[in-house]
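**Student:** Sequence:
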Amino acid sequence: NKSDKIGIKGPSGSGKSTFLYILSGLIKPSTGEIFVDNQLTDLESKNWYKKIGYTPQFINLIDDTIKENIIYGLNIENELNINHKLSDISKTCLLDEFLNNTENGLESIAGENGIKLSGGQKQRIGIARTLFRDPEILILDESTSSLDAELEAKLLENIFNYGSKKTMVIVSHKDTTLNYCDKIFNFENFGLKQIR
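The opening position of the sequence shown corresponds to residue 28 in our numbering, with each subsequent residue numbered one higher.
Just so you know, not all the hints are guaranteed correct.
Unchecked claim - Calculated pairs, DSS-like style, for lysine-lysine (alpha carbon to alpha carbon, straight line, at most 27 Å):
id, residue 1, residue 2
1, Lys112, Lys77
2, Lys210, Lys112
3, Lys73, Lys112
4, Lys143, Lys29
5, Lys181, Lys201
6, Lys143, Lys181
7, Lys73, Lys118
8, Lys77, Lys29
9, Lys201, Lys112
10, Lys210, Lys78
What the hints assert, rightly or not - Simulated DEER-style distance windows between Cβ atoms:
id, residue 1, residue 2, range
11, Asp161, Ile222, 29 to 37 Å
12, Ser135, Ile103, 34 to 42 Å
13, Arg160, Gly218, 27 to 35 Å
14, Ser57, Leu178, 19 to 27 Å
15, Ile136, Gly218, 41 to 49 Å
16, Leu67, Ser135, 24 to 32 Å
17, Asp90, Asn216, 41 to 49 Å
18, Lys55, Ser172, 26 to 34 Å
19, Asp175, Leu67, 16 to 24 Å
20, Tyr76, Glu124, 31 to 39 Å
21, Lys55, Asn128, 44 to 52 Å
22, Lys118, Asn140, 39 to 47 Å
23, Val63, Asp175, 34 to 42 Å
24, Asn131, Asn87, 19 to 27 Å
The set of hints was computed from the structure by calculation and includes no laboratory data. Glycine residues also receive a C-beta, built at the ideal position from the N, C-alpha and C atoms.
Let's have the full structure, built from the sequences with the hints guiding it.
**Tutor:** Spelled out as structure tokens, the structure:
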């Protein structure tokens, strides 16, 4: 349902990522039909793609500024509004403290594939990139796995507050991550079983 916060768990190789690829429209199932709000839906349509914000576990970054990595691929016109939005999202994604300790803030260079950043910083930049696009549906695929428990808890609280009216699907091996969700499903016997 719209605005649901859904957690998904299951052992490696059980189909969690494949499910997310289907939901995102990245791959097409060989059989069956998909219904959204009780209507048959084409997940490969441009309208569906615009609704989805997907953050994978491993974030690809370009050898450019952190700012460019967050707004990557977007045509930006109003610089003032963009900077205000970037500031808000940086706070939401707990990037502000890290950025305040760098000489150039958002203009700091990430390095090739983010070599100048930690795994947790890259993941938070990836989430910031997703939030910046303001999608209706947020999909986080092990997107906080590189964070310590305290930082992850703060980040998830911020994301859930930010996305209170958005639909969210979170895949994680950690029950502490999934505890933020309204509903939790487990992949077992080649299917999804609701466990909460």
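**Student:** Under the criterion that the straight-line Cα-Cα distance not exceed 27 Å, is the pair Lys143, Lys29 satisfied?
**Tutor:** violated (38 Å)
**Student:** Quickly compare the C-alpha distance for Lys210 and Lys78 to 27 Å and report which way the hint goes.
**Tutor:** holds (21 Å)
**Student:** Is it true that Asp161 and Ile222 lie within 29 to 37 Å of each other by Cβ?
**Tutor:** holds (31 Å)
**Student:** Do the alpha carbons of Lys181 and Lys201 lie within 27 Å of each other, as the hint requires?
**Tutor:** Between Lys181 and Lys201 the Cα gap is close to 15 Å, so the pair holds against 27 Å.
**Student:** Does the Cβ distance between Lys55 and Asn128 fall inside 44 to 52 Å?
**Tutor:** For Asn128 against Lys55, whose Cβ atoms are near 45 Å apart, the range 44 to 52 Å holds.
**Student:** Given the hinted pair Lys77 and Lys29, is their Cα-Cα distance within 27 Å?
**Tutor:** The hint holds at about 16 Å.
**Student:** Could you check the hint for me, namely that Ser57 and Leu178 are 19 to 27 Å apart, CB to CB?
**Tutor:** Hint violated: Cβ distance 40 Å, outside 19 to 27 Å.
**Student:** Given the hint that Lys112 pairs with Lys77, does the C-alpha gap stay at or below 27 Å?
**Tutor:** holds (19 Å)
**Student:** Against the range 34 to 42 Å, how does the distance between the Cβ atoms of Val63 and Asp175 compare: consistent or not?
**Tutor:** holds (36 Å)
**Student:** Regarding Tyr76 and Glu124, is the given constraint of 31 to 39 Å on their beta-carbon distance met?
**Tutor:** Between Tyr76 and Glu124, where Cβ atoms are some 33 Å apart, the hint holds.
**Student:** Could you grab the alpha-carbon distance between Lys73 and Lys118 and see if it respects the 27 Å cut-off?
**Tutor:** Roughly 30 Å separates the two Cα atoms, so the pair is violated.
**Student:** Could one say that the CB atoms of Asn131 and Asn87 fall in the range 19 to 27 Å?
**Tutor:** holds (22 Å)
Taken one by one, the earlier hints fail for this structure at numbers 2, 4, 7, 9, 12, 14, 16, 19 and 22, listed in ascending order.
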